[in-house]
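Q: Chain by chain, the residues:
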Amino acid sequence: MTQTFQQDCVELLQQQHQRGRISRRAMLWGLAALGAAPALRRPAAAAQGKQELVLVNWGGIAMKGFDEAYGKPFMAENPGWTVVQDSSGPSAGRIRSMVESGHVTWDLCDSSAASATLLSGMNLLTPVDYGVVRKENVIGPAFAVEYGAAPYSFSNVLAYDSSKFPTPPTGWKDFFDLKRFPGTRLIRRDARTSLDIATVSLGADPKAMYPLDVGKALKRIGDIKGNAVYWNNGSESEQYLRTGEAVMGCIWHTRASVLERETQGRIKFIWDQGMLQAGIMVIPKNNPGGAAAQRLLASMLAHPEPQVALLKLMGNGPTNPRAAEMVPPELRRLNPTDPANVAKQFYLDETWWGKNYQDANAEYLDFITG
Amino acid sequence: MRRELGWWGLILPAFLLMTLVYLVPIGQVLVISVTEPRLGLENYERLFTSGSVQSVILTTLRIGGLTTLIALLLGYALAYKVTMSPPHRRRWWLLAVLVPLWISVLVRAFAWVTLLRREGLVNEALLAGGLIDAPLRMVWNEFGIVVGMVHYMVPYAVLPMLASMGDVDPRLLAAARGLGAGRTESFLRVFLPLSLPGVIAAGVLVFIFSLGFYITPALLGGGRTLMAAEWIKLQITDLLRWGLGAMLATVLVVAILATLALFSRVVDLRRLFGAGS
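Chains A and B, in that order, give the protein sequences. Residue numbers for the first sequence follow the numbering used here, beginning at 1 and rising by one. Residue numbers for the second sequence follow the numbering used here, beginning at 1001 and rising by one.
Just so you know, the hints here were simulated from the structure itself, not pulled from any lab data.
DSSO-like mimics (lysine-lysine), calculated; alpha carbons at most 27 Å apart, straight line:
| hint | chain 1 | residue 1 | chain 2 | residue 2 |
| --- | --- | --- | --- | --- |
| 1 | A | 268 | A | 344 |
| 2 | A | 268 | A | 225 |
| 3 | A | 285 | B | 1233 |
| 4 | A | 344 | A | 312 |
| 5 | A | 135 | A | 207 |
| 6 | A | 135 | A | 355 |
| 7 | A | 355 | B | 1233 |
| 8 | A | 173 | A | 219 |
| 9 | B | 1233 | A | 225 |
What follows is a list of derived Cβ distance ranges for each label pair:
| hint | chain 1 | residue 1 | chain 2 | residue 2 | range |
| --- | --- | --- | --- | --- | --- |
| 10 | B | 1122 | A | 88 | 33 to 41 Å |
| 11 | A | 88 | B | 1214 | 17 to 25 Å |
| 12 | A | 121 | B | 1098 | 44 to 52 Å |
| 13 | A | 321 | B | 1065 | 53 to 61 Å |
| 14 | B | 1042 | A | 121 | 15 to 23 Å |
| 15 | A | 15 | B | 1115 | 18 to 26 Å |
| 16 | B | 1098 | A | 227 | 35 to 43 Å |
| 17 | A | 122 | B | 1261 | 33 to 41 Å |
| 18 | A | 235 | B | 1095 | 32 to 40 Å |
| 19 | A | 15 | B | 1183 | 52 to 60 Å |
| 20 | A | 262 | B | 1010 | 55 to 63 Å |
| 21 | A | 88 | B | 1261 | 34 to 42 Å |
As the structure is a prediction and not an experimental result, all values here were calculated from the model. Glycine included, C-beta positions come from ideal geometry on N, C-alpha and C.
Only chain A is shown next, with the shape it has when bound in the complex (with noise of 0.2 Å):
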């Protein structure tokens, strides 16, 4: 049940399209930037000898110019490619299944660090070849790992109802304090981000702080439970906060702007202590493209503009070292990857969380619902 951060994106895009805050046009330009396009299947174009590539994402509906961020500058670059659009989902579940069948018709997948993990475990991917993806094309290490790297990045933020309390909250620690900030608390119904808040809480220092002791975290967890909803899609968390259900919450930093936007600041949130995260892409193992791939990622990583039209629109971080000057004074605020909010964030140990996710998580969710 739980929703990717991706499949979010979508769902934000065409909330804000009906809400007339966005024009259809830049509707559809997000939509594409984020590669939400119409699941077109591959009408045998190999046999056509079409040479083309399949960007697999979360996206539902159906629309046109699918490839203006992603892969019109690589159909540019690359006169003959063609970059192809599915959005049937690529959970950790579906890649497996399809590269255990042996009719793998993915190049590239939306993922994320933890699922690449967890699958180049199974060795069901291909490893980034950064021969030809440049890791200079990135802002941090965490976004171009052995198996994936990510064109764009996310945070969960603190998230709070100003008219609640007169004094802010600063932080994780605050967070878990129901006397000085009584109230429902949100956070999201997965253990990623959760236990890392519950252990940053008890005054962990961020980047010391992996391997978690998972008991630990639990048992801090068990302080709010009494007082604590979970969200499992971004829809869910802003209804939660916006409706007063929860006071605070843990949430991705792009429904949070959204709440302070059109809440008139009455939710706030905080970069202290946000959570950054990659929006990694996976390569299937026997992927139909081949190395193709591998160039299409490049691509993706290299161009800022696209990155930060993205930002404008979806509130997604570039990951491009030259994006964060591009971006509009007033929005860089709102930009998880400014080097002025990055600083006040941490990174998840995504390596930890790979190889821990399903112990700890099937913990977590057996502590929550037990």
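Starting from the structure of chain A, add chain B where the hints point.
A: Structure of chain B alone, referenced to chain A:
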């Protein structure tokens, strides 16, 4: 003989379709439960050793049982009322029972959220009326889930009971009254026993449906409750523990078939699924 063969021939395409695209893939999935992560019954061992598997099963049974009980009580009263109405009103009653069936389960869950949440209509009304001092917690917990599931299941409870109540000869009730039984007694000793097959059929149907609920608990449970269907999904798409997910799926299928087998001795199951009458 030849003619009968012809009839079988007619259902052959449907039979093949069902077998090839439905039963075979289900079988393949279920087999995973004994082949992953390695050949053997270790996934089934978890049924006895893993507290989390047990708690998911218990939660599912508890919520399913409670839903069945309440849906039967409400459904019985409704079915009784419909049966006792004159025919022209009966049509309207039936329509009222069926309309919720046509509304998407998502829409209904969201409607309940709007009604039951902290600042929702019900709480606001109660607060304004001075009946409560603080908002009641009516959603994001098992209460909310049961409300949503009962709402979904009541029509399914009504229909089999309605069929069974319609078969009760009204003259029997008149005879009971004529022989000196009061209203209550004639209901308890004549009508209730005669309508019991419908109650059992409805109970089986509702309970089986309840075991597989996915959307309603996810939307109304506030993340605090984990039922079997969602647990299976988690194992398969997020945690890649296919063997474990397939194990619980198998257990669910076996439990449902066992329930059906058990109750087929008591009630005519063909009736449950709309055949004959």
